[in-house]
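Trainee: The lines below spell out each chain.
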Amino acid sequence: KAGVTQTPRYLIKTRGQQVTLSCSPISGHRSVSWYQQTPGQGLQFLFEYFSETQRNKGNFPGRFSGRQFSNSRSEMNVSTLELGDSALYLCASSLKGQGIYEQYFGPGTRLTVT
Amino acid sequence: LAKTTQPISMDSYEGQEVNITCSHNNIATNDYITWYQQFPSQGPRFIIQGYKTKVTNEVASLFIPADRKSSTLSLPRVSLSDTAVYYCLVGVPISSGSARQLTFGSGTQLTVLP
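Heads up: the sequence lines are chains Z and H, in that order.
Each residue of the first sequence is one higher than the one before, starting from 10 at the first, in the working numbering.
Each residue of the second sequence is one higher than the one before, starting from 25 at the first, in the working numbering.
A few of these clues could be false.
Claimed, not checked - Straight line, CA to CA, 25 Å or less: simulated SDA-like cross-link-like pairs of lysine to any residue: (1) Z:K66 to H:A52; (2) Z:K66 to Z:G93; (3) H:K27 to Z:P48; (4) H:K93 to H:V42; (5) Z:K105 to H:Y75; (6) H:K78 to H:S33; (7) Z:K66 to H:R69; (8) H:K27 to Z:T29; (9) Z:K10 to H:F70; (10) Z:K105 to H:D55; (11) Z:K10 to Z:P116; (12) H:K76 to Z:E111; (13) H:K78 to H:T96; (14) H:K27 to H:Q125; (15) Z:K105 to H:G74; (16) Z:K105 to H:I71; (17) Z:K66 to Z:T29; (18) Z:K105 to H:N54; (19) H:K27 to H:D91.
What the hints assert, rightly or not - Covered by chain Z, according to a simulated footprint, are these stretches of chain H (three or more residues, beta-carbon under 8 Å): (20) 62-76; (21) 125-132.
Stated by the list, open to error - Far from chain Z by the CB rule (all over 12 Å, computed), these chain H residues: (22) M34; (23) D35; (24) V42; (25) N43; (26) N49; (27) T58; (28) V83; (29) S85; (30) D91; (31) K93; (32) S94; (33) P100; (34) R101; (35) L104; (36) V116; (37) P117.
Calculated directly from the structure, the hints in this document are not laboratory data.
Idealized CB from N, CA, C, for every residue including glycine.
In isolation and in its complexed conformation, chain Z is listed as follows (with noise of 0.2 Å):
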């Protein structure tokens, strides 16, 4: 069974910018959380999605913006990009009925802010 999947790999965007990123969970996984890594505040929850419905969201400017689609794949966006948002931005995914701590990371994708 494939695991997740997230594009892009890679991004470089500009001050004021807008981005969004891509996750696609593990097949027959409907719960999809995003997480943002940087080194100096480690990994942050942003929001969770299930059956394209936010469940809960992290403590995150209105910037970040995420929807889930009724196939699962979620999309997350951050308007107005700052230097600050440059991170490594993670996508789980987990089976309803499973416990939360059983979730599955994909690569991530790293998103430099110039």
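Given chain Z, put chain H in place with the hints provided.
Mentor: Frame of chain Z, contents of chain H only:
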């Protein structure tokens, strides 16, 4: 959420057994202990989870004393490819209705030397 404390870094040599300890003095009755592994530029990977005593799988063993205020991840005969960051997470793993938000600490950077 119970706060966890791990060593920032550890060095080991190939073939040795490595033990990484996590302190979680405020662990609650229903909390489980879960360990994740993260290689550079990859997403974290679930390694092992336990509640008490000892759990073993094909990758590692997890030792949890009776008071559950700490836990030890044991990696037998490490190789260079075990060089990674190891995270200890503590919380309730029940999935139904629970937000799937994982809280990662700073983790332990394990470096395996030849």
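Trainee: Are any of the numbered hints broken by this structure? If so, which, sorted upward?
Mentor: 8, 27, 36 and 37
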